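Between the sequences and the hints, there should be enough to build the whole structure, so can you do that?
First to last, the sequence lines map onto chains A and B. Once you know that position 117 of the first sequence is 117 in the working numbering, the rest is easy, because the numbers rise by one and skip nothing. Once you know that position 100 of the second sequence is 881 in the working numbering, the rest is easy, because the numbers rise by one and skip nothing.
Please keep in mind that the hints were generated in silico from the structure rather than gathered at the bench. Being a predicted model, the structure only gives us computed values, none of them experimental. Even for Gly, the Cβ is constructed at its ideal location relative to N, Cα and C. Fair warning: there could be bad hints in the mix.
In the DSSO-like style, the derived pairs of lysine-lysine whose C-alpha atoms are separated by at most 27 angstroms in a straight line are [unchecked claim]:
{"hint": "1", "chain 1": "A", "residue 1": "Lys47", "chain 2": "B", "residue 2": "Lys890"}
{"hint": "2", "chain 1": "A", "residue 1": "Lys11", "chain 2": "A", "residue 2": "Lys47"}
{"hint": "3", "chain 1": "A", "residue 1": "Lys159", "chain 2": "A", "residue 2": "Lys313"}
{"hint": "4", "chain 1": "A", "residue 1": "Lys11", "chain 2": "A", "residue 2": "Lys313"}
{"hint": "5", "chain 1": "A", "residue 1": "Lys516", "chain 2": "B", "residue 2": "Lys890"}
{"hint": "6", "chain 1": "A", "residue 1": "Lys704", "chain 2": "A", "residue 2": "Lys159"}
DEER-style ranges, computed between Cβ atoms [stated by the list, open to error]:
{"hint": "7", "chain 1": "B", "residue 1": "Leu808", "chain 2": "A", "residue 2": "Asp147", "range": "33 to 41 angstroms"}
{"hint": "8", "chain 1": "A", "residue 1": "Asp575", "chain 2": "B", "residue 2": "Asp926", "range": "38 to 46 angstroms"}
{"hint": "9", "chain 1": "A", "residue 1": "Pro114", "chain 2": "B", "residue 2": "Ala862", "range": "53 to 61 angstroms"}
{"hint": "10", "chain 1": "B", "residue 1": "Arg820", "chain 2": "A", "residue 2": "Asp92", "range": "55 to 63 angstroms"}
{"hint": "11", "chain 1": "B", "residue 1": "Asp926", "chain 2": "A", "residue 2": "Pro451", "range": "35 to 43 angstroms"}
{"hint": "12", "chain 1": "B", "residue 1": "Leu808", "chain 2": "A", "residue 2": "Thr692", "range": "54 to 62 angstroms"}
{"hint": "13", "chain 1": "A", "residue 1": "Ala417", "chain 2": "B", "residue 2": "Asp930", "range": "36 to 44 angstroms"}
{"hint": "14", "chain 1": "A", "residue 1": "Ala765", "chain 2": "B", "residue 2": "Asp926", "range": "55 to 63 angstroms"}
Now for the letters of each chain:
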Amino acid sequence: MAIDATTRTEKFPYGIASVGLGEVERQIPVEEPSPLPPNAVLTVIGKPVPRQNGRAKVTGATRFTVDIALPGMLHGRILRAPLPHAEVRTIDSTAAARHPGVRAIIPIATPGDPATAIVRYIGAPIVAVAAVSMAAAEEALHDIRVDYKPLPFVVDMDKAREPTSPAVYDSASAPKGHVSGFPAAAGLPLNGNVRGPATDVRGDPVQGFAQADAVVEGEFRTQVQTHCCLEPHAIVADWRADGLTVYMSTQFTAGVRHELAETFGLPLNSVRVIVDGMGGGFGSKSSLGTYGRVAVALSRQAHAPVRIILDRKEEQMDAGNRPGTWQRLRIGAKRDGALTAISLVSYGTAGVTVGAGIGNVAQAMYACANFQASQHDVFINAGPGCAMRAPGNTPGAWAVEQAIDELAERLSIDPLALRDRIDLSPVRREERRIGAERIGWQQRHAPGTDPGPIKRGLGVAQSLWGAHVQINCACEVRIMRDGSVEVLSGVQDIGTGIGTVMAQVAAEVLGLHIEKITVRIGDTEFPGGPPSYGSRTTASITPAVRTAASRVLQSLLREAALALNAAPDDLVARDGRILVRHDLSRSMSFAEAAGRLRTDRTSAVASRSDDYAGFRQRMEDAAIARQDLGGVQFAAVAVDTETGIIRVERVVAVQDCGRPMNPLLIESQVQGGVLMGTSYALFEERILDQHTGRMVNPNLEQYKLAGPRETPAIDVVVLENYQGQSATDAYGIAEPASIATAPAIANAVYNAIGVRLRSLPITPAAVLAALGKVPSGNSRT
Amino acid sequence: MIETASAIIGAVEAKEADSASVVGPDLAPISLRVNGVVRLVQIEPRMTLAEALRGPLGLTGTKIACNRGACSACTVWLDGATVCACMMLAIEVGTRSVTTIEGLATGDKLHPVQTAFIVHDALQCGFCTPGMVMSCAALLEHKSDPTADDVNAAISGHFCRCGTYPHVVSATLAAASARKA
Chain A
1 MAIDATTRTE
11 KFPYGIASVG
21 LGEVERQIPV
31 EEPSPLPPNA
41 VLTVIGKPVP
51 RQNGRAKVTG
61 ATRFTVDIAL
71 PGMLHGRILR
81 APLPHAEVRT
91 IDSTAAARHP
101 GVRAIIPIAT
111 PGDPATAIVR
121 YIGAPIVAVA
131 AVSMAAAEEA
141 LHDIRVDYKP
151 LPFVVDMDKA
161 REPTSPAVYD
171 SASAPKGHVS
181 GFPAAAGLPL
191 NGNVRGPATD
201 VRGDPVQGFA
211 QADAVVEGEF
221 RTQVQTHCCL
231 EPHAIVADWR
241 ADGLTVYMST
251 QFTAGVRHEL
261 AETFGLPLNS
271 VRVIVDGMGG
281 GFGSKSSLGT
291 YGRVAVALSR
301 QAHAPVRIIL
311 DRKEEQMDAG
321 NRPGTWQRLR
331 IGAKRDGALT
341 AISLVSYGTA
351 GVTVGAGIGN
361 VAQAMYACAN
371 FQASQHDVFI
381 NAGPGCAMRA
391 PGNTPGAWAV
401 EQAIDELAER
411 LSIDPLALRD
421 RIDLSPVRRE
431 ERRIGAERIG
441 WQQRHAPGTD
451 PGPIKRGLGV
461 AQSLWGAHVQ
471 INCACEVRIM
481 RDGSVEVLSG
491 VQDIGTGIGT
501 VMAQVAAEVL
511 GLHIEKITVR
521 IGDTEFPGGP
531 PSYGSRTTAS
541 ITPAVRTAAS
551 RVLQSLLREA
561 ALALNAAPDD
571 LVARDGRILV
581 RHDLSRSMSF
591 AEAAGRLRTD
601 RTSAVASRSD
611 DYAGFRQRME
621 DAAIARQDLG
631 GVQFAAVAVD
641 TETGIIRVER
651 VVAVQDCGRP
661 MNPLLIESQV
671 QGGVLMGTSY
681 ALFEERILDQ
691 HTGRMVNPNL
701 EQYKLAGPRE
711 TPAIDVVVLE
721 NYQGQSATDA
731 YGIAEPASIA
741 TAPAIANAVY
751 NAIGVRLRSL
761 PITPAAVLAA
771 LGKVPSGNSR
781 T
Chain B
782 MIETASAIIG
792 AVEAKEADSA
802 SVVGPDLAPI
812 SLRVNGVVRL
822 VQIEPRMTLA
832 EALRGPLGLT
842 GTKIACNRGA
852 CSACTVWLDG
862 ATVCACMMLA
872 IEVGTRSVTT
882 IEGLATGDKL
892 HPVQTAFIVH
902 DALQCGFCTP
912 GMVMSCAALL
922 EHKSDPTADD
932 VNAAISGHFC
942 RCGTYPHVVS
952 ATLAAASARK
962 A
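This is the structure we're talking about:
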């Protein structure tokens, strides 16, 4: 950035705190606040502050979308397809329309319309009704007669790849590209059910493999995982002549507002989206969705508010999922470990949609001049996938991190030493050092050498995630005349406690106790907030909060300066007071200063500026920072070789997120990431019946999830990694915390039993089959 | 069925009960003792306790997540014992006393488990939290000095997708210590 009147030079703390901090000089916009010192010298930021909405949550007072009941509200239900592939020939809703409780009926599939008359998965929406009660809506669904012409279908990805397989789409009807979740490029060829390849080449992979002293190669599989948010997808739509108000369990109030405006032809100022309590999303509540559009259409037709809450079966079948994948990964290396080539072929299925790519772990985690990837989407007759916590990189790391483990053994190099050789990240180097010490890596034995039927093992794996930032993101900070403070943004709290972190930032800037700060979020009436996905919320909104708080403080200091007979620049806000910097005896309370405001409140709005050293990549409203996020996780497992049961005894998770804003909340998120990864590794799997296309476990008991009994002891260590990139220098953690867990467990299992398991989930049956104790019932070894 | 029938009669206002040999399918009046207060509500007999609490009684703190007894989000106390409110009909409650998350605190004073959940951050999105709190508080009612294993047993069957289990355990153990102190 050129030096000019719009920028100034500042020195920022730089580096990893546990290694040693230095400084970096940055040109920053003049209106940005001065550099924030390291956490050690701060009062509120970086401290384990309990979340502000904790009391509401433990008393049941939090209003989730499912708890919203408006006067005269109707209940919406959606009739769903019972066949995996069929043409809707006729829909007869006349009996349903006569039901005394029914107020509106909206067709979703239209016979004869090529765009909507074909259903391609069980659970696809057909017709929606709104009625005076859930029971009445349910009864009305039973009164709707749909005539289907069954079509051949396929729900197995391997079968779908065969040329003779029934086609899910033809070239005219196939999805052209992908908007939600991991990008899938437009314009790729479609062959049968296989779309792609999307290719990526760097250097000369053929030459690279020719130069290799050792090559490891493996086929890896990952299952379809469902989000299982505890709060179902839910919306209350209230269409009125003077505007549309929508209460929605959403990860992105601002995005849903835009979708609503576009879908219903409304100006943005007539659309309001509100979410208070938000019962989890994990990627599945990023957009409006069919159920959302339907609720609004029903409300418009019925002239009454309409609430739709998906039931658990709908959640499991038609609310998104993490695509399943098959990958063949080859890695070549010199004797000293230096990588010479990486080659990756992948096929993944997001059901009827695209987006089953496996991310950039193979491409970017390790130094390797020669790389090639060829990735494919495979269509099957199953519910659409969508982004799920660290999409792409989670299945990607499953393969890469096991292959690196295998390569280390082949080269007789310790897996950590190999990574020290090929991983250029100084952050992960430090994370490996800390984690190895914590887990007791020195005690790790050779694979399969633990005597006795219960064999223990240690494994390690790493994660890589882009540091995402939402540029279209703003915040308002208000000081009221009594000295109380409001922080406002449309950003929503998905469960991370972002509101508390925003309060911490404002409290730090204004020198106030955090209880003086009221945070109001989750409402598009406030300045537009970032989405709660991509681990970008903290990185995006906290600099805006700090900048807005700094600006509004200037207004207050101008008033105080008159009273204290000092220049505004000589004043500081600290401990609830405004003090003259060089003469602390001259001071007044924050509230006194606020009392001198000419109006009831003063306010400032600020948006997220660009990272000070620029971005690696800039998209429309978003960007990716120059540095990566990641972490290193170590797992200790005990494998019962008689039952096949794996017990994950301990996980050490060493993570980074730039400046950690609140270690208590971060610990919660990392534990959650590790637990989701553990559950992915050992238990979860969407199972479709090959003969009917039906999901056989569309619930929360046969869809197996890790519970308290399966939770390992989880040690969380978070680095302080300062890069001098924004007013807070904070980045995200939710997704990188989940990527490395499954491969770390798999590597530990290998270390325990000496047999490698490359398919997820690693069930007891898979372990016994791998040990040759039972015949292999399927491809899961 | 006989038990259910007597429970209805026990709960329905006496003057209704005389003529109510058959209840439903339309709205029927029943009385429920919830959080120490007897409330008369009009419900369809097919309504579950969870639906009755969240709907006519306006107590939305009790959550429905799976609606089939698999996740325990709807946990309430029935005469002090934890039950899944989605797994029983409201008319089955009879004269028994229901305690929900809204009734756990004493006025403004939180139950020690509630306080500990906040301090230890034993919640994230908060949707499973009311049920989780009810089970952990029930544990302390029956066992003043629980082990981590006791807490894990008490919350087995509770499902938390955010992964709060470690903090739930540490919070509940801390609440037990705080109570004794």
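- request: Hints the structure violates: just list their numbers, smallest first.
  value: 4, 10, 12, 14
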